[in-house]
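Chemist: Assemble the complex: chain A is given as a structure, and chain B must be docked to it using the hints.
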Amino acid sequence: MSNTRPLRAVDATSDPAPPAGSVVASAAVSIVDVRKHFGHGGGGVLALDGVSLDVAPGEFVCLFGASGCGKSTLLNLVAGLDKPTSGTVEVRANRTALMFQEAALFPWLTVRGNVDLALKLSGTPRERRRERTEQLLEMVHLSDFAKKRPHELSGGMRQRTALARSLAQDAQVLLMDEPFGALDAMTRDVLHDELESLWRTTGKTVMFVTHNVREAIRLGDRVVLLTSRPGRVAQITSVTIERPRRIDSPEVATLAASITDRLRDEMERHARGK
Amino acid sequence: MPAGSETLYPVEDPDIAAFEEQFSRGPSRARKIWSALWPKLLAFAFFIGAWQFVVWTGWKPEYVLPSPFTVFDQFWQDKSTLWEATQTTLGRAVKGYSIALVLGVVTGLLVSRSKILRSGVGSMITGLQTMPSIAWFPASIVVFGLNESAILFVVVLGAAPSIANGLISGVDNIPPVLLRAGRVLGARGLSSVRHVVLPAALPSFVGGLKQGWAFAWRSLLAGELIVLLGKPALGQELQGARDLNNYPMMYSVMVMIFIIGIVVDALVFGTAERWIRRRYGLMDASDS
Chain A
0 MSNTRPLRAV DATSDPAPPA GSVVASAAVS IVDVRKHFGH GGGGVLALDG VSLDVAPGEF
60 VCLFGASGCG KSTLLNLVAG LDKPTSGTVE VRANRTALMF QEAALFPWLT VRGNVDLALK
120 LSGTPRERRR ERTEQLLEMV HLSDFAKKRP HELSGGMRQR TALARSLAQD AQVLLMDEPF
180 GALDAMTRDV LHDELESLWR TTGKTVMFVT HNVREAIRLG DRVVLLTSRP GRVAQITSVT
240 IERPRRIDSP EVATLAASIT DRLRDEMERH ARGK
Chain B
0 MPAGSETLYP VEDPDIAAFE EQFSRGPSRA RKIWSALWPK LLAFAFFIGA WQFVVWTGWK
60 PEYVLPSPFT VFDQFWQDKS TLWEATQTTL GRAVKGYSIA LVLGVVTGLL VSRSKILRSG
120 VGSMITGLQT MPSIAWFPAS IVVFGLNESA ILFVVVLGAA PSIANGLISG VDNIPPVLLR
180 AGRVLGARGL SSVRHVVLPA ALPSFVGGLK QGWAFAWRSL LAGELIVLLG KPALGQELQG
240 ARDLNNYPMM YSVMVMIFII GIVVDALVFG TAERWIRRRY GLMDASDS
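Here the protein sequences come in this chain order: A and B.
Here numbering that gives the first Met the number 0 is used: the first sequence runs in plain steps of one and ends on residue 273.
Here numbering that gives the first Met the number 0 is used: the second sequence runs in plain steps of one and ends on residue 287.
The shape of chain B in the complex, shown without the other chains:
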């Protein structure tokens, strides 16, 4: 027992002590956060150190490969532009991802429930998933013109197959006993999908959602590099900084892209995964 925390009764029994230890929350929370944080901080420091080391070796001139501190300085200076660009880019990402989510879920459900569709379309979805989304851009620009629709089209095409495939494998991994229970309780057709199939598929579907986001994000940045529009956006700023030989700016946009990747993964998908694991009882009591 940590000093200072109150015990409810004199503790002799080691089992009770262990029990109390486990259920006393106060001091362990800060400790938990710290124990999750310090490896990340260490890794970050190591990364910065390595970067600075490469700069010091003089491998490339400093205007090509500036030191991390120059880049962070630039990052701070350009923070309002970066923020504006981030908003545009994230807005597009959310829009494209939402469309992909609807398309992916509908396709995934249809394919997972129908043998004919599965043998017909199943391998095509996987084919689409492995196709580099940048390969779609020439066609997309020809069809939609140099505008946001061209970008969104590719974002949707990038994300939807992963989401659909994730749902298909989620449905395939549902314990048969749950489907049987649903049938026995009278769940048919849409009510079965809504009350049994979708919630039962959710734990393994999250993987597909996550992968879909990764593909959407990659497609989007590729699109913004190619399709330059009026509004500042991250991909466009990246390309612009290169065109203007403002390399610290270029690196600071990359840092921003990297940060967004981490934040979305930790906050959105990490939270969703933890929530699902806790709710579905897929988590050991000791790591909750």
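Here chain A stands alone, though its shape is the one from the complex:
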């Protein structure tokens, strides 16, 4: 708990100057040559190795890879919940909001209470909170469920509430760690549409982690393919398919196949010991 200061810029190296040429001055998130090692000595795990990535303001970037590739670790670093072993993570935004696979709503509060608490904790004055809460609930189509408690909601509604709670923080950068991973396909489709339109209207920068390549292509401006153990950026694909995209469209399927092939190659190489 002690290492969770709300760091906006995490600098684990003693050298404050970033490597020349690798940081785009306008990037919302700059990740430069990040290594993350868990544990001590030889028994630890190298989760990330030499990961560099710039995310432009307003961009929707999807991080895709097999489990254990350090996707979540990377998001935690950007969120400031953890520090890199070496390399730098710089966030040029007021703050980040993080949403994960579990809705993690507070069960003792109603839907409205959960959103209201997020506003309170991010320092919104009391007189503005009520109106803002209603606005946010409207945005995620939960106005009619404001008085319900989390256990009375479906999985999709819980994630909507979690989304409203993340939006309540008014962060310019939204980090999403497999937020729809536990939902059924139909609900996920609907939430993709809603997330896309929220992203468009709010202009937020989104980093979205998923292990579903079609989901990554459906949503992302770019899809970053990460390899496993250690996590490295294997390939970055710009998705040029026109929005709104459909997850079951042939274009998405074609691109998905090529990215999946690449992932398979990487995994086989890894299995053979490089």
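Take these hints with a grain of salt, some might be off.
As the list claims (entries may be wrong) - DSS-like, lysine-lysine: derived pairs with alpha carbons at most 30 Å apart:
| no. | chain 1 | residue 1 | chain 2 | residue 2 |
| --- | --- | --- | --- | --- |
| 1 | B | K31 | A | K147 |
| 2 | B | K39 | B | K230 |
| 3 | B | K114 | A | K82 |
As the list claims (entries may be wrong) - Reference listing, derived: stretches of chain A covered by chain B, where coverage requires no fewer than 3 residues with Cβ under 8 Å from a Cβ of chain B:
| no. | segment |
| --- | --- |
| 4 | 130-144 |
| 5 | 206-217 |
The set of hints was computed from the structure by calculation and includes no laboratory data.
The structure presented is a predicted model; accordingly, all values stated were derived computationally and were not measured.
Think of the CB as a built atom: it goes at the ideal place given N, C-alpha and C, for glycine as much as any other residue.
Modeler: Showing chain B alone in chain A's frame:
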């Protein structure tokens, strides 16, 4: 469907019928109360029967072990004294428990949040919890004298460790994902304690609160038996009845103590537990 209750539309579908059955409230409420009540009544009748049976066997002379009906008669006769004594004793219990609650919560929070405090004080709290509170009385009387403070001191010492330990285990049992969510939302320090840690710990903390009450109540009665003060109190009446060889009175005070135990458990802690389980969604829809 019970006869006489209205259906909204003709029911053919068994699923709809089951649905309606579940949501029609009228007649099922009385039935629910009765189904909760009759086992208790039966158990009570059995207990009285067993008591009376022992009296009939002539195991002990009747002035030592009077029949339940003699005791209830005495109970009724002494009801005003008993009521007065109950008020004094309950007043002390509430006072002592409140102090213990504040101390226990503060200690529990500090210990659960600090590794150093936990390794230093954690086992001491458990040690205090297992120490019979009556062992504190000689020291308490020496320090405070023969007065109410001596009793309260022991009551607080009896209850606070259980409350503190209950809170510590409540905090330890918080789902990590809720703490993570709190951190991500910017809850730090006191705001985290108030908005995340305490409410999240509450469901398992109730057990500690309940145990704390039990210890407070036991310590209090022990104290009232030893520290006899001017005001009538349950422990004192119990001791007084024995001293005056008024055994029916002695048993009727015991009955009163027993009743208070049941009532507090059912009304205060039972209600709190049900409220929390419903609010936190820890209850199956069918048993609400």
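Chemist: Compare the structure with each hint and give your call.
Modeler: Hints, one by one, checked against the model:
1. For the suggested pair B/K31 and A/K147, the alpha carbons sit about 26 Å apart, so the restraint of at most 30 Å is met.
2. Between the alpha carbons of B/K39 and B/K230 the distance comes to roughly 34 Å, so the proposed pair goes past 30 Å and is violated.
3. Our distance criterion of 30 Å between C-alpha atoms is met by B/K114 and A/K82, whose separation comes to about 22 Å.
4. Residue count for the segment 130-144 of chain A with a Cβ under 8 Å from a Cβ of chain B: 0. That is fewer than the three needed, and the coverage hint is violated.
5. For the segment 206-217 of chain A, the stated coverage by chain B is violated: 0 residues have a C-beta nearer than 8 Å to a C-beta of that chain, whereas at least 3 were required.
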